[in-house]
Structures are given as structure tokens and as C-alpha cells.
Amino acid sequence: MDCFSKFQRESGEKLQRAENVDPESQPTCGLRGWPVDLGGLLHQRLMMPKRVNVNYCSGVCPFPVYDSHWNATNNAVIRSSFIYVRGQMTQAYVPDPLCVPRTLNSMSFLFSENNNIIVRILEQVVATSCMCA
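Just so it is clear: in the sequence shown, position 59 is 59 by full-length UniProt numbering, and no numbers are missing.
In case anyone wonders, no lab produced these hints; they're calculated from the structure. In this text the structure is predicted, and so the values were computed from the model without any measurement. Treat the hints loosely; a few may be bogus.
The list that follows gives simulated cross-link-like pairs (lysine to any residue, SDA-like), each with its CA atoms no further than 25 Å apart [what the hints assert, rightly or not]:
(1) 50 <-> 85
(2) 50 <-> 112
(3) 50 <-> 95
(4) 50 <-> 34
(5) 50 <-> 37
(6) 50 <-> 118
(7) 50 <-> 109
(8) 50 <-> 36
(9) 50 <-> 121
(10) 50 <-> 63
(11) 50 <-> 119
(12) 50 <-> 94
(13) 50 <-> 86
(14) 50 <-> 93
(15) 50 <-> 107
So the derived label-pair ranges between C-beta atoms look like this [unchecked claim]:
(16) 47 <-> 126: 42 to 52 Å
(17) 125 <-> 85: 32 to 42 Å
(18) 49 <-> 82: 19 to 29 Å
Quick reminder that beta carbons are idealized off the backbone N, C-alpha and C, glycines included.
Based on the provided sequences and hints, a complete structural model is requested.
Put into C-alpha cells, the structure is as follows:
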């Protein structure tokens with residue numbers, strides 16, 4: 001079973017297609033906590049951490065995404081504006097802006113290899129802020 005399926009099952013979250021979602025009823029784009037048990041995900045010799053909160057970004061990007069609060073890319077602003085001006089029919093071929101990580105932090109891991117302790121730093125592991133892109 002892949003990690004995402006396991007996350008969906010454990011968190012109770014379901015994926016929904018954008019056209020079936022009422023944006024007014026959905027939370028806006030933002031950072032969500034996601035505690036991950038690394039026991040079965042990383043190398044067997046992982047010493048620590050055993051559990052981390054890597055976070056993820058989720059939610060609806062508002063229409064149009066002009067406000068600087070959303071840190072939207074110029075591409076997202078143009079797509080959002082196009083959909084807003086042209087109407088819902090354009091959503092068939094112009095995708096909505098998506099809530100994605102804006103910044104990601106590194107994380108250090110300790111492994112035991114050949115009776116040595118090895119520190120490995122993985123880049124872009126922990127989401128720390130979100131944006132619309």
C-alpha cells in the first residue's frame with residue numbers, strides 16, 4: 001500500500017474532483033499538520049526521529065487570487081482571473097490554482113550503519129508555508 005492511500009485511510013480524508021466541490025464550503029489554502037510514523041517508510045536502520053510532522057498544504061485558493069496574502073504565482077493569478085472573467089466554462093480547459101507548499105525545510109535523520117551513526121539531511125521535507133500556484 002502506498003503512503004498516500006495509508007494517509008487517506010488513517011485521516012479519513014477523501015479526494016474530490018474540483019467540479020464536485022463547493023468552494024464556499026471548503027477550507028481555504030493553508031498548512032495542515034501531518035504526523036508521519038517513519039517506522040515502515042524509511043530504511044530499517046533509522047534511529048531517529050521515529051515520528052515527524054511533515055505538514056502538507058490543502059484547501060481552496062480563492063477566486064480571483066489577487067491578494068498578496070495567498071502568495072500566488074503570476075501564473076495562478078492569470079489563470080484565476082481568466083476563470084473569474086470568462087466563467088465556469090473555462091474550468092474545462094484551464095485548471096484552478098492549487099494550494100501547494102511555498103517553503104519547505106530540511107530535516108536531519110540519524111541512521112545506524114556498520115556500527116556507525118550517520119547523520120543524513122533530507123532537503124525539502126517539512127512544509128512550513130503555503131501558496132496558490
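> For this structure, which hints from the list above don't hold up?
Replying inline: 1, 3, 10, 12, 13, 14, 16, 18
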